[in-house]
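Protein chains in written order, with UniProt numbering: chain A, 1 to 391; chain B, 1 to 391.
These aren't lab readings, by the way, just hints derived from the structure by calculation. There could be a bad hint or two in this list.
No farther apart than 30 Å at their CA atoms in a straight line, the calculated lysine-lysine pairs in the DSSO-like style are these [as the list claims (entries may be wrong)]:
(1) A/13 to B/13
(2) B/13 to A/292
(3) B/13 to A/234
Some chain A residues near chain B, calculated using beta-carbon distances under 10 Å [said to hold, decoys possible]:
(4) 79
(5) 211
(6) 291
Stretches of chain B that chain A covers, calculated by requiring three or more beta carbons in the stretch to come under 8 Å of a beta carbon on chain A [what the hints assert, rightly or not]:
(7) 38-50
(8) 53-63
(9) 237-247
(10) 263-275
(11) 305-319
Quick reminder that beta carbons are idealized off the backbone N, C-alpha and C, glycines included.
Number of protein chains: 2
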Amino acid sequence: MSPVSIPPPQCLKKRMVVPQRYMFGPGPSNVPPRILEAGANPVIGHMHPETFEIMSQIKSGIQYMFQTQNRTSFAVSGTGHTAMECAIFNTVEPGENVLVGVNGIWGERAADMAQRIGARVETIVAPPGGYLTNAEIEKALSKHRPVLFFLAHGESSTGVLHPLDGIGDLCHKYGCLFLVDCVASIGGAPVYMDQQGIDILYTGSQKVLNAPPGTAPISFSERACQKVFNRRTKPVSFFLDLSWLANYWGCDDKPQRIYHHTGPVTAFYSLRESLAVLADEGLENSWERHQKVAEYFHTGLESLGLKLFVKEKRARLPTVTTIVSPPGYDWKEITSYIMKKHNLEISGGLGPSLGLVLRVGLMGFNSSEANVDMVLEALRDALQHCHRSKV
Amino acid sequence: MSPVSIPPPQCLKKRMVVPQRYMFGPGPSNVPPRILEAGANPVIGHMHPETFEIMSQIKSGIQYMFQTQNRTSFAVSGTGHTAMECAIFNTVEPGENVLVGVNGIWGERAADMAQRIGARVETIVAPPGGYLTNAEIEKALSKHRPVLFFLAHGESSTGVLHPLDGIGDLCHKYGCLFLVDCVASIGGAPVYMDQQGIDILYTGSQKVLNAPPGTAPISFSERACQKVFNRRTKPVSFFLDLSWLANYWGCDDKPQRIYHHTGPVTAFYSLRESLAVLADEGLENSWERHQKVAEYFHTGLESLGLKLFVKEKRARLPTVTTIVSPPGYDWKEITSYIMKKHNLEISGGLGPSLGLVLRVGLMGFNSSEANVDMVLEALRDALQHCHRSKV
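Throw the hints in and build the complete structure from the sequences for me.
Shown next as structure tokens:
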């Protein structure tokens, strides 16, 4: 054994200190003690019967949260982006047409992902803060004849809650699968996967669910599975191959589960607990609470003289609010001031909304009038103390 | 808002109970309280300065653990399989030749992954429990002229610790990158990434590191980065695109970090802590302890009349021991008996070793003579009480 030439780093000798902070940006949100504690349970095997039981509870919780009876419902071992790639990698083969609705950064990223695996990608773009009409969508479907249409339901970069009704039927009329990103909306605004004809739906653990980032619920309709399981080519990723994942999660007819990957068991614990919290409150109650708190927040913002970025009320995401960046101010100074002075995260824009907005996320147990008051007070304070140029 | 048609599942009403269990299979291993508690710290932002500081400590810890000065050292937000795909997706373009050393399941999976992205894959196969000689490797390199050669250092399916010396030089002689899987070996057996000319090295958090599964340390040499950053095509995965990951982890020259994905911050906390534990003990001490404990274990197994699957002493993995499945017994009955009676996980074979072996992992803080005694006692008991057919 030769001696090591690189010594142990000094920085690991110090104790790690993590601050408590109000997480009122677009995510991750604060994790309540019940969920954090669940994640601190001892590690057992990724193939132990107790783990399979917890995974089965997660499946039921996802079916409830998504309002679906799809048996192919499970959690990807990764973040929202992993689920996004899981959806696209499995449903699309090289050379196939994909249509992407772009109303913010998520559409841009979905288009990039589909291009990387050799799809022919067309986009329809909504103006920032706006959304696509069903007529526009139908026109594009009929023109491009895609196998998959992507849409972000909760566009956290622009604060838009995209209408979903009728789009599933349009997709199916043109023989296309309907893929919806509900990372920022699920649990905070109504989604009915089966009724709305959504074929693939995914979200993340770190928004309304209030679990740490690292797992991503996803569900595939029978129609989607038909396409996936009749592919001519293998999906580019073994790790995200639906046939393996469905087996690991007990969603197929095989008598035995085969070792695929080592599931992040402690992340499963916290995801399970976060789904239990949502089931305890009830979906409708959670939707209603987010809506009420959002309206209370929006009124408060307007009384501070601030403007909402999304004009149309029904298209405002109740979980993440976009505020027109106050004229004359540097948005970075505002978010830094609020972080420093109030120990509270709010954020600037992202992708197409960069420089245009401030974003405030009140998700899951963070969504309360008391927290709204805290954010409004912080904003009032920032507008008073940050530099203002004459405009 | 229409009413929901799928009610909240009853199974989420029960309290989740996770048992304590001796995790002496090939992983995940037990997580000590210090590391579990680190992971229960509050969630902060994936782009907050405190998170960047923790990520920077993780980088230093990985450089130490891997014995490398590579600045492109970081943790993938996923499990070992994710890191494996990260390595292959970034270094290989469609149509390029890849050579895979197969001495167990990991080579088989690496070959599958490379094929999925359109590489031309050749394999050289070692008999189960054996390894490849440098002469065999050179012959294959010279014949196939691959851009990448894959080898598993710690083959957890067969219990082989593959010799590494000299192979890096051979690869470079033929203009090929050397990719090594050290998921099951790192921290438990010597690896010197820079000295041994390894170009890409990755591991998982859930073995010797004793952190929960969900993060995977990886490092790329300058030579590997040269190839990756001069690709003609984009890697198939946005989530695993090295140029994005290197930026998120502060490994590039760009002045600013751009939002890529939401890092699993609590998993970063536990990974950081596990690296601190390793640095506290010191690599050489950890290697020595694993080696001593393994030899003590192997002697004990032989005195029970059991046979080791790997004949050559120096090729035995000190972290995961493969025992020839006791003749006349059903291996499944043995592992089930030990789980039920002793609350202790040991496992059967995997891939090419399925049905041939029992596997016992004593990794990180699980590697102690006291735990060896516990496993030996459980095995002795099982051999006495399980059914034996006349052979």
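Consistency of the hints with the structure:
1. Restraint check for residue 13 of chain A and residue 13 of chain B: the C-alpha separation of about 42 Å exceeds 30 Å, so the hint is violated.
2. This hinted pair checks out: residue 13 of chain B and residue 292 of chain A have alpha carbons roughly 27 Å apart, not beyond 30 Å.
3. Using a Cα cut-off of 30 Å, the hinted pair residue 13 of chain B and residue 234 of chain A is violated, with the two alpha carbons roughly 39 Å apart.
4. Below 10 Å, beta-carbon pairs count as interface contacts, and residue 79 of chain A has one with chain B at about 5 Å; its hint therefore holds.
5. At a threshold of 10 Å, the smallest CB-CB gap from residue 211 of chain A to chain B is about 9 Å, leaving the interface hint in force.
6. About 9 Å separates the beta-carbon of residue 291 of chain A from the nearest beta-carbon of chain B, less than 10 Å, and the hint is met.
7. Under a criterion of three residues with beta carbons nearer than 8 Å to beta carbons of chain A, the stated coverage of the segment 38-50 of chain B is upheld, 11 such residues being counted.
8. Proximity of the segment 53-63 of chain B to chain A, defined as three or more residues with a beta carbon under 8 Å from a beta carbon of that chain, is established by the 6 residues found.
9. With 3 residues bearing a CB less than 8 Å from a CB of chain A, the segment 237-247 of chain B meets the requirement of three and the coverage assertion stands.
10. With a cut-off of 8 Å between beta carbons, the segment 263-275 of chain B has 9 residues touching chain A; three or more are needed, and the interface restraint holds.
11. By the rule of at least three residues with a Cβ nearer than 8 Å to a Cβ of chain A, the coverage given for the segment 305-319 of chain B is violated, with 0 such residues.
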